[in-house]
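Based on the provided sequences and hints, a complete structural model is requested.
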Amino acid sequence: MKKATCVECYFEFEVDDDVMLGEVIECSDCGKELEVIEIKDKEVALQKTETEEEDWGE
Amino acid sequence: MEFSMVCNRLSWEEKSIAQAAKRKNIKVDIILNTTYFVDLEEDNVSNDIVLQRSLSYVRGLYTTAIMENFGHQVINSYKTSVTCGNKLLTTLELLKAKIPTPKTYCAFTKDSALEALDELGYPAVIKPVIGSWGRLIALLKDQDFAKAILEEREIMGNIFQKIYFLYQIIRQPPRNRKQYVSRDKVPRDIRVFVIGEEVVAAMYRHEMQGDWRSTATRGARAVNCEVTPEIEDLALKSAKVVDGEILGIDLIEGEELMVQEINHVSGFHALSNSCGVDIGGRIVDYIIEKIKK
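Residue numbers (our numbering), protein chains in the order written: chain A, 1 to 58; chain B, 1 to 293.
Among the hints, a few may not be true.
What the hints assert, rightly or not - Lysine-lysine pairs mimicking DSS-like chemistry, simulated, CA-CA at most 27 Å apart:
1) LYS40(A) with LYS24(B)
2) LYS79(B) with LYS237(B)
3) LYS3(A) with LYS22(B)
For the record, the hints were derived by calculation from the structure and aren't laboratory data.
Spelled out as structure tokens, the structure:
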């Protein structure tokens with residue numbers, strides 16, 4: 001498992017090893033959706049992600 | 001064996017496709033359109049086949065155009081994306097092919113839209129020609145309400161909001177009343193998922209209380225739907241009309257089964273959960289067959 005820190009509530013939580021760049025994951029404490037922007041050996045960096053934009057979805 | 005996949009980010013669907021590919025020993029080159037750029041004279045995509053999964057319609061459309069120009073086979077094609085991404089163009093194709101669809105009017109000014117609504121009758125629906133997830137769709141219950149909505153649209157900056165796409169609402173429970181259980185008397189539509197020439201799954205989307213839109217992202221309740229020959233026939237005919245390969249087709253049950261819209265980058269999280277079909281895996285199987293050809 002890798003570790004990540006929520007950029008919203010700063011909770012540190014574990015992330016599966018098969019996590020992928022660009023993947024959207026949920027903070028296990030506050031539930032905020034976060035996007036993976038960097039994957040290191042034991043650590044994953046996250047950023048806030050847009051939930052919806054004008055031309056999104058189907 | 002390898003293919004490329006374009007996306008804004010990896011939501012549940014893209015992750016399930018990537019995981020299915022990994023299980024089947026297929027490499028996926030993920031192209032995030034948030035960081036992608038290209039010299040328009042120099043191809044920088046390594047695979048022949050590209051799966052387009054952009055959440056953003058505009059980014060998806062133009063990355064598809066660019067990649068097709070370099071000779072890549074993009075699923076779905078630019079032509080399919082232009083048609084399916086625009087409700088008016090989709091309706092025109094459906095009408096041309098004589099596929100049942102709700103009665104629809106189009107107008108370009110507030111006053112002509114009001115005249116069109118008088119002919120169409122209330123309640124009616126106004127829907128942006130480009131847009132998804134139920135955004136800015138309004139149920140026009142009467143003329144006063146229609147005037148308010150149309151005035152609002154006239155001052156909106158987006159030019160596409162000034163194309164008034166108006167259609168008859170068909171909002172009734174299933175035709176075969178013997179199939180009801182009391183819980184399922186709620187209005188619903190049907191999302192049918194087509195891959196190639198096959199319908200792989202379908203679900204009913206029941207409206208949530210307090211929201212007439214039966215969009216899964218708005219919380220519509222998803223229930224497995226048996227794929228009847230009628231559903232299969234209509235979905236496959238519709239897919240052919242837009243030359244689509246992987247599509248989510250929305251049907252509604254009026255006096256006859258009708259096509260409401262066709263989605264070219266369709267979500268399938270709720271559908272996979274309600275039907276128990278590994279849609280991500282089926283998409284990868286389809287791509288494998290395409291690569292072999």
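How the hints compare with the structure:
no. : hint                    : verdict
1   : LYS40(A) with LYS24(B)  : 26 Å, holds
2   : LYS79(B) with LYS237(B) : 17 Å, holds
3   : LYS3(A) with LYS22(B)   : 23 Å, holds
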